[in-house]
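J.: What follows is each chain in one-letter form.
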Amino acid sequence: MERNILEIKNLTTCFFTDDGTVKATDRVSINVGKGQTVCLVGESGSGKSVTSLAVMRLIDYAGGFIQSGNVMFHGQDLAAKELDEMMHIRGNKIAMIFQDPMSALNPVFTVGDQIAESLMLHQNMSQQDAFKKAIEMLRMVGIPAPEVRVKQYPHEMSGGMCQRVVIAMALACNPEMLIADEPTTALDVTVQAQILDLLRRLQKELGMSILLITHDMGVAAEMADRIAVMYAGTIVEEGTVERIFDEPRHPYTIGLLQSIPGFEGERGSELYTIQGTIPSITQLPTGCRFHPRCPHSIDKCRKEEPILREVVTGQQVACWLNEDVSNHFRRNQRTNSVAGSKAEVNRQ
Amino acid sequence: MTEYLVRRVLQAVLVLFLITVVSFGLMHAAPGGPLKVMLSPGMSPEAQLIQMKNMGLDQPVYIQYMKWVGNLLQGDLGHTFKNNVPVGDILWPTVWNTFVLMSVAWGLSMLIAIPWGIYNSTKQYGLSDQIASIVAYLGFAMPTFWFGIMLQQYFAMQLNLLPLSDMWTMGKEGQLSDLILHLILPVTVLTLVNIAAYVKYTRASMLEVLEQDYIRTARAKGMKERRVIFRHALRNALIPVVTIIGLDLPTLVAGAALTESVFNWPGMGRLFVEMAVAREYSVLMSITLLISLMVIIGNLLADLIYALVDPRVQLGRKGGRAA
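As they're listed, the protein sequences go chains R and V. 1 is the number of the first residue of the first sequence in the UniProt record's numbering; add one for each residue after it. 1 is the number of the first residue of the second sequence in the UniProt record's numbering; add one for each residue after it.
Rather than coming from a laboratory, the hints here were simulated on the basis of the structure. Hints are supplied without guarantee of correctness; some may be wrong.
Said to hold, decoys possible - Derived PhoX-like pairs (lysine-lysine); straight-line CA-CA distance at most 25 angstroms:
{"id": "1", "chain 1": "V", "residue 1": "K53", "chain 2": "R", "residue 2": "K81"}
{"id": "2", "chain 1": "R", "residue 1": "K23", "chain 2": "R", "residue 2": "K9"}
{"id": "3", "chain 1": "V", "residue 1": "K123", "chain 2": "R", "residue 2": "K81"}
{"id": "4", "chain 1": "R", "residue 1": "K132", "chain 2": "V", "residue 2": "K224"}
{"id": "5", "chain 1": "R", "residue 1": "K34", "chain 2": "R", "residue 2": "K9"}
{"id": "6", "chain 1": "R", "residue 1": "K204", "chain 2": "R", "residue 2": "K34"}
{"id": "7", "chain 1": "R", "residue 1": "K93", "chain 2": "V", "residue 2": "K224"}
{"id": "8", "chain 1": "V", "residue 1": "K82", "chain 2": "V", "residue 2": "K123"}
{"id": "9", "chain 1": "R", "residue 1": "K132", "chain 2": "R", "residue 2": "K81"}
{"id": "10", "chain 1": "V", "residue 1": "K123", "chain 2": "V", "residue 2": "K224"}
{"id": "11", "chain 1": "V", "residue 1": "K53", "chain 2": "V", "residue 2": "K67"}
{"id": "12", "chain 1": "R", "residue 1": "K93", "chain 2": "R", "residue 2": "K81"}
Said to hold, decoys possible - Sample of chain R residues lacking proximity to chain V, with all beta carbon distances greater than 12 angstroms (derived):
{"id": "13", "residue": "N10"}
{"id": "14", "residue": "T21"}
{"id": "15", "residue": "R27"}
{"id": "16", "residue": "G33"}
{"id": "17", "residue": "V166"}
{"id": "18", "residue": "A172"}
{"id": "19", "residue": "A193"}
{"id": "20", "residue": "Q194"}
{"id": "21", "residue": "P279"}
Glycine included, every Cβ here is placed at the ideal spot set by N, Cα and C.
Looking at chain R on its own, in the form it has when it is part of the complex (with noise of 0.2 angstroms):
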């Protein structure tokens, strides 16, 4: 068994606001492995970034706090650390990526000195080699002519550029887990393609474990080895990238890889949607939080909670539904297969 080097557990959330305290995340559990890569999808709000912001304890800055759980990291609590001793984790040995490159990036240093801020705090690199380490981290992220560049300001590169840098930035002291927060949605697709082989290709180099939170199948498709399914502020579904794309058992993750434009279909038939949009953190629906957009609720669903539980090897859901496993909705599903979904992304 390879050992976890990342285990989310039970972590609950909450943000401040004039309404009083609300919860972000409930009971959320993920574990990632050493080398693997855990996707977290859903929805815009059903709390993905905030439990990425979370165990790198940057909720703290952004108004919200960790109100119980543990984010087990190497046998340690980062849940429960002081601020301080974050520091030294934080950019060392987990790293971090952000959706938006052009706004990660300080306008007024160049990319060389954000390079190479964070060799000098956590390895002690002197300045000269620092910036030697910078150009060679540009290199490794296949940015063309790397001693001009380690010069230039963020504002002088494009969007595709800018993640490279950021990427750069982010593994430079060689982090043993990359959290990348939908680090390929603000940039078109054919540079989408190229930063998703990069981050694959630098994971198997350096041997990272990558969170990758996405609201996007597809890229979840062709990066993930497990998939975490996340409706508003908990985990849904949770498995093999196999298994979620092969036998979703969740009415959302079923609606959800519904809703991707597949190539079989016919010319102008209507994109599959689920109904309704997600409830406000301040407004959950009692019982199941999708009962209300789900097709196929019962009685039960609209009264008790379920919890996460596994029903066959590899795959946990929460669902009143799956207690039966060959219960009746799962009838007429469409199949996924990730190899269909794979295709899809490749031939964007």
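Please build the complex by placing chain V on the supplied structure of chain R, with the hints as guidance.
T.: Just chain V now, with coordinates in the frame of chain R:
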């Protein structure tokens, strides 16, 4: 860069020319005029005419203007109507006096307001932030002359701690300690007003920057909070603050008319008021010219510093790639 500077200087000359034309015209169009001040009541019309000729006021305004410009280009600022004193003799000591007062007040306000604004941005709505708000309200709302008089009333009249007015005690001219005592009250008034503005600008600018993604990136890199604030945030937050402070530069020479008048400070602000009442055209024109020059220099400096602190700004390039 050189091309840019040359262009700016040429623009400045044009602007200065227009300013002198307009202010010369306005000054002469204003009712009253030096004659009303100079003439004794009951003077005969003939005597009045002679007086006008002596003062050069009988000629058309544009001729007077051209004469003034001609003299100016030869370095002659003109003479006062009264006693025929060279303008320079009045002007330069006053400029220096004002500069002493204003630079102390300006420097002090920055030293206090910028660190205070930074601190308040990290402790939003904390005690210090609330106090700063009160100071800002007072600074904006209180008329400076009233606040000056209150300070005089309390510290000079009642407590007898500080001199009431003027720049020096008679007989102690040139003593630094005496100057400092005289500076305290007017500097307090001026600093309060400046702090009110600067502390709010700094705080607002910092708060905006602290929300930015790159601050989150810096934290995600494991930077200590101090470094996040003073390196990553401050450099960005100061960009607009520097501009505002740079635009205040002309007041270093222009002075503050009300405060100088209340404290009888022999500076430019007070001089301008006095000379306006006396209709001393040459002095007024010289002051206007000097202040205009400072405004232009202040603007240019603000632009230069702006380009220095923000790599996205490139002077002299139209539509750069600035984000």
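J.: Any of the earlier hints contradicted here, and which numbers?
T.: 1, 8, 9, 17, 18
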